Amino acid sequence: AQKVTQAQTEISVVEKEDVTLDCVYETRDTTYYLFWYKQPPSGELVFLIRRNSFDEQNEISGRYSWNFQKSTSSFNFTITASQVVDSAVYFCALSAPESAGNMLTFGGGTRLMVKP
Amino acid sequence: DTAVSQTPKYLVTQMGNDKSIKCEQNLGHDTMYWYKQDSKKFLKIMFSYNNKELIINETVPNRFSPKSPDKAHLNLHINSLELGDSAVYFCASSQDYGRVGGYTFGSGTRLTVV
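Line order of the protein sequences matches chains A and B.
At position 16 of the first sequence (counting the first as 1) the number is 22 in this note's numbering, and the numbers step up by one without a gap.
At position 51 of the second sequence (counting the first as 1) the number is 726 in this note's numbering, and the numbers step up by one without a gap.
Incorrect hints may appear among the rest.
[What the hints assert, rightly or not] Pairwise CB distance ranges (calculated):
hint	chain 1	residue 1	chain 2	residue 2	range
1	A	Asp-61	B	Lys-727	28 to 34 Å
2	A	Gly-107	B	Met-690	31 to 37 Å
3	A	Lys-9	B	Asn-701	32 to 38 Å
4	A	Asp-35	B	Pro-683	35 to 41 Å
5	B	Ser-740	A	Val-90	39 to 45 Å
6	A	Gly-49	B	Asp-771	26 to 32 Å
7	B	Gly-703	A	Pro-103	15 to 21 Å
8	B	Gly-703	A	Ile-66	27 to 33 Å
9	B	Ala-678	A	Ser-77	31 to 37 Å
10	B	Leu-758	A	Val-52	25 to 31 Å
[To be verified] Capping the alpha-carbon separation at 30 Å, the derived lysine-lysine pairs in DSS-like fashion look like this:
hint	chain 1	residue 1	chain 2	residue 2
11	A	Lys-121	B	Lys-715
12	B	Lys-746	A	Lys-22
13	B	Lys-716	B	Lys-746
14	A	Lys-76	B	Lys-716
15	B	Lys-694	B	Lys-711
16	B	Lys-715	A	Lys-76
Rather than coming from a laboratory, the hints here were simulated on the basis of the structure.
Computed from a predicted model, the values in this text were never measured in an experiment.
Note that beta-carbon positions come from the ideal geometry of N, C-alpha and C, so glycine has one too.
With the sequences and hints as input, model every part of the structure.
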């Protein structure tokens, strides 16, 4: 079975602070895919990144960066110089096709509040 | 052009009623899904269809019946609605387990049962 754990349920920061959202996953598959989604107050789910299990390179996209470490089964997400518009619920998710077919398993989400 | 569109966006109905939520995707994806997001924001898969064939059917009451007339459409029909069915329902689609283009979600349908 696969599982995604986001231990931080809520994080509150002041604008311009850096913040890291943690994600730990469990799967027995050797090939799997990890995702981050953002859910702003308007409610839609916005795709941020996909990473496959064979690619441990960290990725940076503007103020966003992701740190994938297979050794600790973690896929953490850092926002640098946070802004009020970053306030949202962020979900980490896992797709493990060998054992779970094509479904996406979500973590419980981390609510990020960025205060001005 | 909306990639995954679901209607209606809001649905308020009384207990015991039957209602449907429609979903269409124009991405050419081969797999479609229904997810339920409860009041604590937890997202859980309900159903998955691949080329009109049911692939995943999680532990969902049989009052919920998905229907896929073609691979671009996946509708969700709910019979005898209960208070506990109140949630946000998301339709999604993917190609090749999300390896190509990830999973794309609709904007959600907020169902309120009163």
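Would you list, in rising numerical order, the hints stated earlier that this structure does not obey? 12
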